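Q: Chain by chain, the residues:
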Amino acid sequence: MKTEVRVRGKDFTGYRIVGAIAALLLALVFAWQLFELFDDDNLTVPEVRWGAAGDDSGVAGVLADDLITARSRLQDERYRTGPAPDGEVPANALGNEIFLTDEPLPRDTTLTRSWAMLDEDTGQMLQERQRVVGRSSLPYANAELFERPFARDWRLGLADFATHLGAIAIIGFSLLLALILAIRGRVPILEGRAHRTVKRFNLFERATHWMTSFSFIMLAITGVSIAYGDTLIRPFGDELLGATGWISTWGHPIFAPPFALGIVFMAVMWTMRNLPSRLDLHWLSKGGGFFSDDGHNPPARKFNAGQKLIFWSAILGGITMVLSGLTLMFPYYWLDLEGMSWAMLIHAILGVLLIAIFIGHIYIGTVGMQGAFWAMWGGNVDRNWAKEHHELWLAEIEDGKQGKA
Amino acid sequence: MGSFIIGAGTAIGLAIGTFFVLEFATISVIEKSYNPSLNLEGVHIQYPGVERVNPAERVAEDEE
Amino acid sequence: MARVKFLCDTDRCIECNACATVCKNEHEVPWGMVRRRVVTINDGEPDEKSIAISCMHCTDAPCVAVCPVSTLYQTDLGIVLHDKDTCIGCGYCFYACPFGAPQYPRASLFGSRGVMDKCTFCAGGPEENGSEAEFRKYGRNRIAEGKLPICAEVCSTRALLAGDGDTIGEIYRERVIHRGYGAGAWGWKTAYYPENET
Numbered sequence: 001m002k003t004e005v006r007v008r009g010k011d012f013t014g015y016r017i018v019g020a021i022a023a024l025l026l027a028l029v030f031a032w033q034l035f036e037l038f039d040d041d042n043l044t045v046p047e048v049r050w051g052a053a054g055d056d057s058g059v060a061g062v063l064a065d066d067l068i069t070a071r072s073r074l075q076d077e078r079y080r081t082g083p084a085p086d087g088e089v090p091a092n093a094l095g096n097e098i099f100l101t102d103e104p105l106p107r108d109t110t111l112t113r114s115w116a117m118l119d120e121d122t123g124q125m126l127q128e129r130q131r132v133v134g135r136s137s138l139p140y141a142n143a144e145l146f147e148r149p150f151a152r153d154w155r156l157g158l159a160d161f162a163t164h165l166g167a168i169a170i171i172g173f174s175l176l177l178a179l180i181l182a183i184r185g186r187v188p189i190l191e192g193r194a195h196r197t198v199k200r201f202n203l204f205e206r207a208t209h210w211m212t213s214f215s216f217i218m219l220a221i222t223g224v225s226i227a228y229g230d231t232l233i234r235p236f237g238d239e240l241l242g243a244t245g246w247i248s249t250w251g252h253p254i255f256a257p258p259f260a261l262g263i264v265f266m267a268v269m270w271t272m273r274n275l276p277s278r279l280d281l282h283w284l285s286k287g288g289g290f291f292s293d294d295g296h297n298p299p300a301r302k303f304n305a306g307q308k309l310i311f312w313s314a315i316l317g318g319i320t321m322v323l324s325g326l327t328l329m330f331p332y333y334w335l336d337l338e339g340m341s342w343a344m345l346i347h348a349i350l351g352v353l354l355i356a357i358f359i360g361h362i363y364i365g366t367v368g369m370q371g372a373f374w375a376m377w378g379g380n381v382d383r384n385w386a387k388e389h390h391e392l393w394l395a396e397i398e399d400g401k402q403g404k405a
Numbered sequence: 001m002g003s004f005i006i007g008a009g010t011a012i013g014l015a016i017g018t019f020f021v022l023e024f025a026t027i028s029v030i031e032k033s034y035n036p037s038l039n040l041e042g043v044h045i046q047y048p049g050v051e052r053v054n055p056a057e058r059v060a061e062d063e064e
Numbered sequence: 001m002a003r004v005k006f007l008c009d010t011d012r013c014i015e016c017n018a019c020a021t022v023c024k025n026e027h028e029v030p031w032g033m034v035r036r037r038v039v040t041i042n043d044g045e046p047d048e049k050s051i052a053i054s055c056m057h058c059t060d061a062p063c064v065a066v067c068p069v070s071t072l073y074q075t076d077l078g079i080v081l082h083d084k085d086t087c088i089g090c091g092y093c094f095y096a097c098p099f100g101a102p103q104y105p106r107a108s109l110f111g112s113r114g115v116m117d118k119c120t121f122c123a124g125g126p127e128e129n130g131s132e133a134e135f136r137k138y139g140r141n142r143i144a145e146g147k148l149p150i151c152a153e154v155c156s157t158r159a160l161l162a163g164d165g166d167t168i169g170e171i172y173r174e175r176v177i178h179r180g181y182g183a184g185a186w187g188w189k190t191a192y193y194p195e196n197e198t
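Chains as they are written, first to last, in UniProt numbering: chain A, 1 to 405; chain B, 1 to 64; chain C, 1 to 198.
These aren't lab readings, by the way, just hints derived from the structure by calculation. No experiment lies behind these values; they were computed from the predicted model shown. Each hint should be verified, as a subset may be incorrect.
To be verified - Computed from the model, here is a short list of chain A residues facing chain C with C-beta under 8 Å: (1) V132; (2) D230; (3) M340; (4) S341.
Claimed, not checked - Label pairs and their calculated CB-CB ranges: (5) V133/A / D11/C: 19 to 27 Å; (6) L323/A / D47/C: 35 to 43 Å; (7) R107/A / A133/C: 22 to 30 Å; (8) T109/A / E48/C: 38 to 46 Å; (9) D119/A / H178/C: 14 to 22 Å; (10) R80/A / P46/C: 29 to 37 Å; (11) C16/C / L232/A: 44 to 52 Å; (12) V133/A / V154/C: 20 to 28 Å.
Heads up, the beta-carbon is just placed ideally off N, CA and C, and yes, glycines get one too.
Bound-form chain A, shown alone (with noise of 0.2 Å):
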C-alpha cells in the first residue's frame, strides 16, 4: 500500500535541537562512565586514621602503632609474656584511660595495596582458599559458616558488573536514542492527521499500564537511589544519603504489589495478541519501518514485533523481579544464603536492564511517534496513524464494525 507523504521526520525541528542538546549531554556522562569503568577505583581504601589524643603534630599512628604491636606482643607463650606473679606489668595493660582518637584520612590506594602483599614467611603459613562450613553450637542463624570465597566474586558482580555495566546500558541507551532523535526525528503520521480517531485502548486496559507505570517508576527512582546512591548522592552529605536510603528502603518494597497486580492484569489482558508469528518476523527484519519515511511500513496486528518484545519483557521481567524481590524482603524463607545471594544479583543486574528497556518504550511512547501517546492517555489514537502501524489491525475493527452494520 503505497502512502502519500505529507509530514517527514526531519520536519520536526524543534524535537531534533532539543534531541542534540540531550545527545551532547548524555555523551558527556557516557564518557565519564567510561572512564569510571577503568579508573581503578573500586579497591576498598581506609577512611579514618588513628592517632594520639589531642595529639596535632603530625606524627598520628605512631601511638597507635606502638600500643598495639606492644599489646600484640604480650599474646607470646606464657613463659615469656606472664601473668607471672615476679613478671613486670606492662603500661596501659590495665586501666580505662582513652588514648587514641580517629580523624578522615584522604583517599589513597598505597595501604590497601602494601596489606594485599604476600611475604614469604606469611605464604607459607596460608589455607587453601575453600569454602568451610561445619556446625556450630550456637543457635543462630548461619553459625555454621565459616569461609566462603564466592563472596568476593559476589562483590565483583555486583559492584562492577551490575552497578558499573548497568549504568552504561542505562546511560547508552538514552545516548542512542536522542541521537536518533537528533538526526532521525520523529516517526511522523505521514498522511498528516485524518482528525478522525479510532478506539484502541478501553479505561480497564489504560488505567492498569498507567497503575504498572507509576510503580515501576517509583521502583525504579528508589531502587537507583540504593543502586547508585554512592554517585548520586553522597556528594551532597552522607547524612542525606542514609536518608535518601531509609526512605528506598521502605519505598521499595511498598510498591511492589500494585506493580504485581498490573504485570497480572496485562498478561491475562493481552498475552492472546502478543503471541508470536509469522509476521513478527517480517516486521523485525524491516526495523519496523522505524528509520525511513518512504510508507512502507511493515504491517501488523494490533501488535506488532516491537510491542510484543517490550509486553514479553515487562510480564517476564517483572515476574522474575517481583520473585527475587519477595525472596529478599524474607531472608532465608525458602532460599539459603547462596541462594539469596543469586537472588539479589539478578534482582540487581535484571533491574538496570528493565529501566534501559523501558527508557526506550517511554520514548517510543512519547516524543519518539508522532500520535502513540494517545493511544494510552485518551484510548483513541488517529485514523492514519492505526493506518500506518496497524493496518491488519485497522482492517479488523472496521471490518467488524461494517459486518455489525
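Please build the complex by placing chains B and C on the supplied structure of chain A, with the hints as guidance.
A: For chains B and C alone, kept in the frame of chain A given last:
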C-alpha cells in the same frame, strides 16, 4: 488523563496500604521477639533488670 | 604501620565459646546477634578442628565496596567499622562477606532487616571514642584504650590471636616450629591476600 489518575491513584493507595501492613507486621514481630516472657521462658523473673552502662564507667563509679 | 588481623590456631582451639560469650558481654550485643562464633569442622572425626570466626577485617574489604549508603568504612589499622545511623539494613554486606560476619536483628524481617551489627575489633564506631553514645551503639572501644579485642585476650589456650598481623604471625610461626605441626592460618588468603590466586 482520567485513566492516568485512576491508575496512579490506585498504585499510591495500594502502596500506602502495603506500608501500613509492613509496619504493623514489623512492629508486631519486634514486640514478639523482644518480649522476655516469650524469649526467656520466664527465667528473667529471677533476675533484676540490667542497666546498660559502659563497663569502663561502672568500674570508675565503684572506685569512688 | 601496624595492620591488625585475627588468627585462630585450630590446633589449640577447644571450642569453649568463651570468645563468643565474652564478646556478647563486653559489648552488650543485642538478642539474636553474635559477633564472634566458633565453627567446628569434621565434627566427630579424627581431623576435627574448631575455629573461632568473626569479621576478619579484610584487605580490600568487599562489604565496604558493596555498601550502598557508605555505612561501612575502614581505618588505617585495617579495622572495618560501621555507622549505625546510616545503615538501611539492605543485607548487601552479608552477601559480600566471605565469613558471614554482619548480623541483623532477627526481629524485623519485613521490608527491612533492622540495622546491621558486626565485630568492631573492639574499636567502637564513628562517635567520640569512649563516649556513652558509642558504647550504646557499638560496644566498648578497647583499641582507643590501647587494648586488643577481648575475645583474643580472654582466650584460655591462646588459640585466638588478635593484633598486629606481623607480630601475631611471628608468634604463630614460632609456635608451629616448636611443636612441629600447624594447620596454617585459616581464612587469611580470602581475608587478607585477595589478589593472590590459588
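Q: Against each hint, give a clear statement of whether it holds in the structure.
A: Right, here's what the structure says about each hint:
1. Interface restraint check for V132/A: the shortest CB-CB distance to chain C comes to about 6 Å, inside 8 Å, so the restraint holds.
2. With 8 Å as the threshold, the beta carbon of D230/A comes within range of chain C, its nearest partner Cβ sitting at about 6 Å, so the hint holds.
3. Using the Cβ-Cβ criterion of 8 Å, the hint placing M340/A at the interface with chain C is satisfied: the shortest such distance is roughly 7 Å.
4. Interface restraint check for S341/A: the shortest CB-CB distance to chain C comes to about 4 Å, inside 8 Å, so the restraint holds.
5. The hint said 19 to 27 Å for the Cβ distance between V133/A and D11/C, and at roughly 20 Å that hint holds.
6. A hinted range of 35 to 43 Å holds for the C-beta pair L323/A and D47/C, which are about 41 Å apart.
7. Here the CB-CB span from R107/A to A133/C is close to 27 Å, well matched to the stated 22 to 30 Å.
8. As the Cβ distance of T109/A to E48/C is approximately 41 Å, the hint placing it in 38 to 46 Å holds.
9. Between D119/A and H178/C the CB atoms are about 21 Å apart, so this pair conforms to the stated range of 14 to 22 Å.
10. R80/A and P46/C have their C-beta atoms about 32 Å apart, which keeps the hinted 29 to 37 Å range intact.
11. For the pair C16/C and L232/A, the beta carbons lie near 49 Å from each other, so the given range of 44 to 52 Å is met.
12. Remark: the range hint 20 to 28 Å for V133/A to V154/C is upheld by a beta-carbon distance near 26 Å.
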